[in-house]
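2 protein chains.
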Amino acid sequence: MKLLEEKIVKEGRTLGDHILKVDHFLNHQLDIDLLNAIGKAFKERFKEERITKILTAEVSGIAVAAITAQHFKVPVVFAKKTESLNLDKETFEGHVYSYTKEKHYKIRVSKNYLLPDDRVLIIDDFLAKGEAIKGLWEIVESAGAYLVGAGVVIEKYFQGGGNRLREKGLNVQALASITSLKNGQITFLENQ
Amino acid sequence: MKLLEEKIVKEGRTLGDHILKVDHFLNHQLDIDLLNAIGKAFKERFKEERITKILTAEVSGIAVAAITAQHFKVPVVFAKKTESLNLDKETFEGHVYSYTKEKHYKIRVSKNYLLPDDRVLIIDDFLAKGEAIKGLWEIVESAGAYLVGAGVVIEKYFQGGGNRLREKGLNVQALASITSLKNGQITFLENQ
Numbered sequence: 001m002k003l004l005e006e007k008i009v010k011e012g013r014t015l016g017d018h019i020l021k022v023d024h025f026l027n028h029q030l031d032i033d034l035l036n037a038i039g040k041a042f043k044e045r046f047k048e049e050r051i052t053k054i055l056t057a058e059v060s061g062i063a064v065a066a067i068t069a070q071h072f073k074v075p076v077v078f079a080k081k082t083e084s085l086n087l088d089k090e091t092f093e094g095h096v097y098s099y100t101k102e103k104h105y106k107i108r109v110s111k112n113y114l115l116p117d118d119r120v121l122i123i124d125d126f127l128a129k130g131e132a133i134k135g136l137w138e139i140v141e142s143a144g145a146y147l148v149g150a151g152v153v154i155e156k157y158f159q160g161g162g163n164r165l166r167e168k169g170l171n172v173q174a175l176a177s178i179t180s181l182k183n184g185q186i187t188f189l190e191n192q
Numbered sequence: 001m002k003l004l005e006e007k008i009v010k011e012g013r014t015l016g017d018h019i020l021k022v023d024h025f026l027n028h029q030l031d032i033d034l035l036n037a038i039g040k041a042f043k044e045r046f047k048e049e050r051i052t053k054i055l056t057a058e059v060s061g062i063a064v065a066a067i068t069a070q071h072f073k074v075p076v077v078f079a080k081k082t083e084s085l086n087l088d089k090e091t092f093e094g095h096v097y098s099y100t101k102e103k104h105y106k107i108r109v110s111k112n113y114l115l116p117d118d119r120v121l122i123i124d125d126f127l128a129k130g131e132a133i134k135g136l137w138e139i140v141e142s143a144g145a146y147l148v149g150a151g152v153v154i155e156k157y158f159q160g161g162g163n164r165l166r167e168k169g170l171n172v173q174a175l176a177s178i179t180s181l182k183n184g185q186i187t188f189l190e191n192q
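Protein chains in written order, with UniProt numbering: chain A, 1 to 192; chain B, 1 to 192.
The following block holds chain A by itself, in its conformation from the complex:
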């Protein structure tokens, strides 16, 4: 997605060889026009799939999932990272390992909000090692629902998570795929 790649080059910043900061438009300040263009692009890629629900994980997937859902005209469900009084007791659980925080944690969705006849699209802001999507996939499987695929705004292709998910049969669509952040240079996968 050309517009997104241009935005990443113009406003993204690299921290070392692995971190790309895009908090100018994607996960601290939100550029709503860009999110709309992103939502439209996801719709284009999954338009034949009769999606019934969009699934994401808190925190930074929520805005892009909500705006994207307008293009599909379906509800969003976001998996929660913390147990709280307000979460139903009966939940589907997914297991996620955070490489940055070096710990395992659980994400949860109330059993009321994913049903066996749901056709689910996962939406997230970043895909690095694929842990969040793996955890969300586990939740969809526990619900007996059908996982249509995953749409991510930015794939850090060089971290390999996307291709591991594709090898397992998941349709993973990234709107920008980054092959390297070395020396402050952002390089994109061609022919996306």
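Fair warning: there could be bad hints in the mix.
When chains are identical, the list treats them as one kind, so a pair holds in a single copy or across two.
With a cut-off of at most 30 Å between alpha-carbon atoms, the simulated DSS-like pairs for lysine-lysine come out as follows [claimed, not checked]:
{"#": "1", "residue 1": "21", "residue 2": "111"}
{"#": "2", "residue 1": "134", "residue 2": "73"}
{"#": "3", "residue 1": "134", "residue 2": "182"}
{"#": "4", "residue 1": "111", "residue 2": "2"}
{"#": "5", "residue 1": "81", "residue 2": "111"}
{"#": "6", "residue 1": "111", "residue 2": "47"}
{"#": "7", "residue 1": "21", "residue 2": "81"}
{"#": "8", "residue 1": "73", "residue 2": "2"}
Just so you know, the hints here were simulated from the structure itself, not pulled from any lab data.
Chain B: place on chain A using the hints.
Quick look at chain B alone, frame taken from chain A:
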């Protein structure tokens, strides 16, 4: 807002006399059509204000802020609860006390995303004792920006936070104001 009150009565559930669960449409599963109607209602209430930025706090304010921002055609900034590698070092801070968790915590916004000439509208899902809005207000003041007001989807009017903020001069607009949750009965403030 009649549509919202009807939704609360139909799909909300009370837990004791203080908690209203609306995770069916507002903070776990998201009803995107309803969020759009909510965004439109906020626009109507603040249309004369030349808003330049919408400010909210993670997690549950993000979806409603993002959808609302489409109606104002301005960016969203969401304050973060956790320090992370990806957050800028230079931040404005607000202090929040969580009555449910019985602890103080900080919320932060990068100094890049709030400027002195910003006219800020705070958007959040719930207003109970007003702590989150108080913390966000502190952030707006630290930035030297102008706080136009706060729009909340549901005010738990009986907890008094909204009126304490109004007494301090803030224009607080709630789309549904609840005066009591006693005995499982949801009662709304009239003439809203």
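Quick rundown of the hints versus the structure:
Within a single copy, residue 21 and residue 111 get their C-alpha atoms only as close as 34 Å, which misses the 30 Å cut-off; across copies the closest is 15 Å, which meets it. With identical chains, the CA atoms of residue 134 and residue 73 are at most 30 Å apart within one copy only, with a shortest distance of 25 Å there and 35 Å across copies. Taking CA atoms no more than 30 Å apart as the test, residue 134 paired with residue 182 passes inside one copy only; the shortest distance there is 27 Å, against 42 Å between copies. With identical chains, the CA atoms of residue 111 and residue 2 are at most 30 Å apart between copies only, with a shortest distance of 29 Å across copies and 39 Å within one.
For a Cα distance limit of 30 Å, the shortest separation of residue 81 from residue 111 qualifies both inside one copy, at 15 Å, and across copies, at 27 Å. When the C-alpha separation of residue 111 and residue 47 is checked against a cutoff of 30 Å, the pair qualifies only within one copy, where the shortest distance is 27 Å, while the shortest distance between copies is 39 Å. Taking CA atoms no more than 30 Å apart as the test, residue 21 paired with residue 81 passes in both settings, with 22 Å inside one copy and 18 Å between copies. In this assembly of identical chains, the alpha carbons of residue 73 and residue 2 lie at most 30 Å apart whether taken from the same copy (25 Å) or from different copies (22 Å).
Hint compliance for this structure: every hint is met.
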